[in-house]
Amino acid sequence: MALAFDEYGRPFIILKEQDQKTRLRGIEAQKANISAGKAVARILRTSLGPKGMDKMLQSPDGDVTITNDGATILEQMDVDNQIAKLMVELSRSQDYEIGDGTTGVVVMAGALLEQAEHLLERGIHPIRIAEGYEMASRIAVEHLEHIAQKFDFGPTNIEPLVQTCMTTLSSKIVNRCKRPLAEISVKAVLSVADLERKDVNLDLIKVEGKVGGKLEDTELIYGITVDKDMSHPQMPKQIQDAKIAILTCPFEPPKPKTKHKVDIDTVEKFQTLRQQEQKYFDDMVQKCKDVGATLVICQWGFDDEANHLLMHRNLPAVRWVGGVELELIAIATGGRIVPRFQELTPEKLGRAGLVREKSFGTTKDKMLYIEHCANSRAVTIFIRGGNKMMIEETKRSIHDALCVARNLIRNNSIVYGGGSAEISCSIAVEAAADKHPGVEQYAIRAFADALDSVPMALAENSGLQPIETLSAVKSQQIKENNPHFGIDCNDVGTNDMREQNVFETLIGKQQQILLATQVVKMILKIDDVISPSDF
Amino acid sequence: MAIEKILKDDASEEKGERARMASFVGAIAITDLVKTTLGPKGMDKILQSTGRGHGVTVTNDGATILKSLHIDNPAAKVLIDISKVQDDEVGDGTTSVVVLAGELLREAEKLVAAKIHPMTIISGYRMAAECARNALSQRVVDNKENAEKFKSDLMKIARTTLSSKILSQDKEHFAQLAVDAVMRLKGSTNLEAIQIIKKPGGSLMDSFLDEGFILDKKIGLGQPKRIENAKILVANTAMDTDKVKIYGARVRVDSMSKVAEIEGAEKEKMREKVQKIIAHGINCFVNRQLIYNFPEELFADAGVLAIEHADFDGIERLALVTGGEIASTFDNPESVKIGHCKLIEEIMIGEDKSIHFSGVEMGQACTIVLRGASHHVLDEAERSLHDALCVLSQTVNDTRVLLGGGWPEMVMAKEVDELARKTPGKKSHAIEAFSRALVAIPTIIADNAGLDSADLVAQLRAAHHKEGCNAGIDVISGSVGDMAELGISESFKVKQAVLLSATEAAEMILRVDEIITCAPRQREDRM
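Sequence lines, in order, name chains G and R. Quick note: the first sequence uses our numbering, first residue 1, plus one each step. Quick note: the second sequence uses our numbering, first residue 1001, plus one each step.
Careful: at least some of the hints might be erroneous.
One-sided excerpt, in silico: chain R residues whose CB lies under 8 Å from chain G [claimed, not checked]:
| # | residue |
| --- | --- |
| 1 | K1008 |
| 2 | S1023 |
| 3 | T1237 |
| 4 | K1258 |
| 5 | E1261 |
| 6 | I1262 |
| 7 | A1319 |
| 8 | A1327 |
| 9 | L1500 |
| 10 | M1508 |
| 11 | V1512 |
| 12 | R1521 |
Below, a list of computed lysine to aspartate or glutamate pairs in the DMTMM-like style, where the Cα atoms sit at most 25 Å apart [unchecked claim]:
| # | chain 1 | residue 1 | chain 2 | residue 2 |
| --- | --- | --- | --- | --- |
| 13 | G | K269 | R | D1331 |
| 14 | R | K1267 | G | D265 |
| 15 | R | K1337 | G | E357 |
| 16 | R | K1337 | G | D229 |
| 17 | R | K1426 | G | D491 |
| 18 | G | K289 | R | D1331 |
| 19 | R | K1258 | G | E268 |
A short, non-exhaustive set of chain R residues, derived as facing chain G with CB atoms under 8 Å [as the list claims (entries may be wrong)]:
| # | residue |
| --- | --- |
| 20 | D1081 |
| 21 | R1252 |
| 22 | S1328 |
| 23 | I1515 |
Calculated directly from the structure, the hints in this document are not laboratory data. Quick reminder that beta carbons are idealized off the backbone N, C-alpha and C, glycines included.
Take these sequences, add in the hints, and give me the full structure.
So this is what it looks like as structure tokens:
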């Protein structure tokens, strides 16, 4: 422990309550950290690739999540170890930045740590290893750029995009109908994308799920769905060419924010107040009717009287619509959100071709569809499926696919999947290592070995002989100088990923390598862990 | 070096074979639990709640049983979830879906033990499910065009659904009830329009369907007990003291006389409101909220029947049947639609008084009055009837019909077997297993009925090798019988939902190779 002696030889304590803290330092600390990181990677390793398995997670409240998505697994795992938390952080940042490849990045980091452990045993200083990794990652990223291909797509030719999304979806449980789902995702992204600026605002895509039906019933709605029904059961269920008033003020008498009291002390006052109140309701409804609205969507509730007046004037209305949905409706229909009745004008109304209420199943489940909007930039993906876990997992998968499609619109470079890019990088890094003088050479070579671990895990999960398959593919790549050979996970019969149409995005891959290297560097630099004891 | 602990203290992690074992065991345990309720001779379960009063439920409905269980096994939770969804989506087949998923997993367990990779099993199951669905959709009967035949189809389905429930003794009676009720809906699936009133007493045979509408309320004192050619205003408005809704308003007075004045004004206001309501030319007024004594007296004076405190569903249904609208303001009487009915009278069901609306304009809603010996019987009868109504209303929308009694399973099993023979590779084992899981359902039905299942299923399989065979298990006589002649039918939509969600759930559980259980949230002990 941190025990020091003063000039008279008396011990004194540096850390507060140090006898209650455990401390690891030097090589011990590094080894402990590495083994924690590896343990996390080992959990995710079997989820990699099209034949990867799922994990079942039971939350503290007993809810069950079944997923294949690395970020979700780690997020819900309730991790206690600090280094493991770093790995969780790592996969989360990949999720935020790219959206896909969250499993791959952790597996990559785990492999790098494993290699580092060997090097440490040989007595190489951790900083030298870190530097070597840094160099190697730079080589790998450059090499990726070198083997990347640009491909063309447009609003009419969406096939390449669909293929890439299919690669993402094929590792999920939804791979049964990956084609339709990929098409839905691509169409959704394209309809909200700004191709000029190469930007996609994914907030405009709403992913909604409802249990029941089957996965094939999942659909893309060019509009918005709201999980609400009309405020009065006898209002029309379908409105053509709706003009929508979007309100954030309740159909209730106003509540001034300043404190006030209205004192009633005479009969006259009582009566005037009553009349005012009635007039107030009448005015509100009349105002909506006057500007020509045919549908009122309101963030707040209605008073019974107002509700009936609306019904009476044949003005369908929806109440208690959430703020986010309200904004989406406003964007989609081109309307303005109106906070006060006085400010309602015809120009501020939103427009939609068709608004309808649809009911599901045997319980009284209703949803409101707002379609053919003036501004079709907001879309909804409506997922159906056999059970709640299925829907949740589909939502996550669609999210990944959407992110991939967005990344492709931002940068249309791709690399080939199936581990081919990793193998190719590994060859390049290996070759570079030999040219490098100094101790870093070992680290660079180790990096190349770590790159091999992704295709190795792919092969292992697909039930192939990992080492045999990897070496065969590697030699094939070198012999034919073709970076498109990868692991044939689906047993199609060819190793050429170009023929199998397995793509991944370039930025996704680059980010994976960079993030993994950074985290590993950080872990390697730690040489002292002080943690409070358990008791 | 010691392996670093990653997870929190109470969290556990199970990997590979152990994880798979845990989920198989959990799923199969659940299946075995509900298995005995399957089929016409299935047994019921008693559920006792741990809550206050230790309420007891006796039921045969899979969804109800599973909903009440407290389960810790995550795989079992998946099965419970699919049964819940089945209940919400189609209403029936909640037991079948769990049993099929459980059987699929049981077969998968054997395959995994024989060193076949779960992914291979999944792809085999997928192919088999697709093939089974096609086989079913080729053999459906669709009598959409022929109303007469379609009605008899509905009757058959209702009878089949009810035969496994407590109502099986009087299934003819209840099937007729359910079909009549659903036909009145005219294609809508809004089962809210069918009201089920439970009154203990009498026997199940005394249950009846009422064309009109029964409101479980009493008529106000001193008001007419019988109205012919009623004009009804359905309202949702405050008939107690009409509050001033403007925020912050309050009454502040400085003398007693002022209080009296204001009270007078308030009374005046209420009187005006009542006058306005009466001015609609009505002779019956139904309100969702309370009606205080004062307005009630005013209504009585005007000879208007006033009914207070009808619940919201009751109001909506009443609005549906009478064709009136639910009103909250009364200023323009000319434009408010008023409901009509021929006769309102107070009737006695058992010992309780209810208000009966008959000869209503729109025949969409109706009321089913259930009678029975005890609350438990009535509750179970309601659930059974609900199942039947759900299935029927779904069948009205999707008119395809199949035979029952294990016939669809055998048809699917045969097709799937054919597929297995044609498929090269390890998948064929999985496809074969799928067909075995399908056959398990008729086997369980036969077992539950105390029949020799091995013999019967073998006979059935042989019979199905002939083209266009209608053979199924006739539980009553204990032999293989012609399902078309016996009139046992099932809805295609239900069967398809059972097949697809069971496969989906089995696939989901199979894909798992690791279970991570987080530490349970610490609860404050209230003791």
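Okay, the hints, checked on the actual structure:
1. K1008: 5 Å, holds
2. S1023: 7 Å, holds
3. T1237: With a minimum Cβ separation of about 6 Å from chain G (threshold 8 Å), the hint on T1237(R) holds.
4. K1258: 6 Å, holds
5. E1261: With a closest approach of 5 Å, the E1261(R) hint holds.
6. I1262: Check passed: Cβ of I1262(R) comes within 6 Å of chain G, closer than 8 Å.
7. A1319: 6 Å, holds
8. A1327: Result: holds, 6 Å to nearest chain G Cβ.
9. L1500: 5 Å, holds
10. M1508: 6 Å, holds
11. V1512: Nearest chain G Cβ about 4 Å off; hint holds.
12. R1521: It holds, given that the least Cβ distance between R1521(R) and chain G is near 4 Å, below 8 Å.
13. K269(G) - D1331(R): 21 Å, holds
14. K1267(R) - D265(G): OK: K1267(R) and D265(G) at ~16 Å, within 25 Å.
15. K1337(R) - E357(G): The hint holds at about 23 Å.
16. K1337(R) - D229(G): 22 Å, holds
17. K1426(R) - D491(G): With Cα atoms ~13 Å apart, K1426(R) and D491(G) stay inside 25 Å; holds.
18. K289(G) - D1331(R): 18 Å, holds
19. K1258(R) - E268(G): 11 Å, holds
20. D1081: 4 Å, holds
21. R1252: Holds: closest Cβ of chain G sits about 4 Å from R1252(R), inside 8 Å.
22. S1328: 3 Å, holds
23. I1515: 5 Å, holds
In the structure shown, no violation is registered for any of the earlier numbered hints.
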